[in-house]
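S.K.: Here is what each chain is made of, one letter per residue.
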Amino acid sequence: MSAMRKRLYFMLPALAFAIVAIAFVWALNPERDPSYVPSAMVSKASPNFDLPPLEPIGLPGLSTADLSQGEVVLVNFFASWCLPCQAEHPHLTALAAQMDIPLYGINHKDKTEHATAWLQRLGNPYDKIGVDGGRALVDWGVYGLPETFVVDGDGQIRFHFRGPLDPKTVAEKFVPLIESLRQ
Amino acid sequence: MRRLGFFLLFLALAPAAWAVMPDERLDDPVLEARARALSADIRCLVCQNESIDSSNADLARELRILVRERLSQGDSDQEVLDFLVDKYGDFVLFDPPFKASTYALWIGPVILMLFGVGAAIFYIRRQARAFPATDGGTAFTQEEDLRVQEILNDLGPANLESSVTEGDRSGKPGPRP
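Protein chains in written order, with the working numbering: chain A, 1 to 183; chain B, 1 to 177.
Rather than coming from a laboratory, the hints here were simulated on the basis of the structure.
There may be inaccurate statements among the hints.
[To be verified] Just a sample of chain A residues kept apart from chain B, beta carbon distances all over 10 Å, derived: (1) Asn-29; (2) Pro-56; (3) Ala-97; (4) Thr-116.
[Unchecked claim] Selected chain A positions facing chain B (in silico; Cβ < 10 Å): (5) Arg-32; (6) Ser-35; (7) Val-37; (8) Lys-44; (9) Val-131; (10) Gly-134; (11) Arg-135; (12) Leu-137; (13) Asp-139; (14) Phe-161; (15) Pro-164.
Where a beta carbon is used, it is the ideal one built from N, C-alpha and C, also for glycine.
In isolation and in its complexed conformation, chain A is listed as follows (with noise of 0.2 Å):
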């Protein structure tokens, strides 16, 4: 065995290191989240849906064709049930605000006073709400409460966000796409 060959064994326990090293700061990262299950929704067009308004509320109920009417919309699922929905609540009603766009909520699997109850205690910030008694989750893709869609004029999904928005989210990833949509 030449020397220089010798010396590229010492090399091994050395790459293997590098090898395991990579593997550990890749998996170790705070900021990965190993049971995030990537959108398979976005890009696709809104999914057939019609749901009956929450009566109380006074809102009409929501259906595919609120979704294509030309504007940029978001499409947020909540519960009363659902604390980080609570959570998300001030940055939602402030992301409506701030860039004046229609938000429409679809509530999931939740007693009529509960969720009635839960919008007049936090304020509504929804412009139309669909009640939810399990089937719409599955046809959005949704798993958990809450999530929320950017929807663009032509009803096509362009943006899934899983768990409750954040301002830093909210300014960083949903202000500049639906300027950017906008245009």
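Add chain B to chain A, keeping to what the hints say.
M.R.: Just chain B, lined up with the frame of chain A:
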């Protein structure tokens, strides 16, 4: 006696502890069997390591009902899976398809195994080259052969067996002759 009674009661209840609720079941046993088999391959996205067949999450129930609805409407198994993949991506399947984004997943273990086998062959060959057999298979010298024979004679087959086991158990060499 009472304890045994409780035990038997719990045992009797165990089959009912499936996540699949009675109201979800289809009347047609063939369709229901297909639904059960299909559900076992669909991931519950809330629990992520449970199938919708075994998960108690709301979403799993919704998906179980949806699978049964679609099967009742005449969908093939593949059509049901395609619908769910369209909504949730390949992650919803416990058996991911073989395609560009999953090559590493499917081929990775094979490559690692080939690498391991290659390394083993390389090592064994090198050992064989470093310590070649000197006299047609037996690497012992004549003197060593005699010594081995002597030890075996001293011990006898029964003694040998017991001393070897003892040595193994204690982690130390067995008693010497």
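S.K.: If you test the structure against every hint from before, which numbers come out violated?
M.R.: Of the numbered hints, 5, 9, 14 and 15 do not hold.
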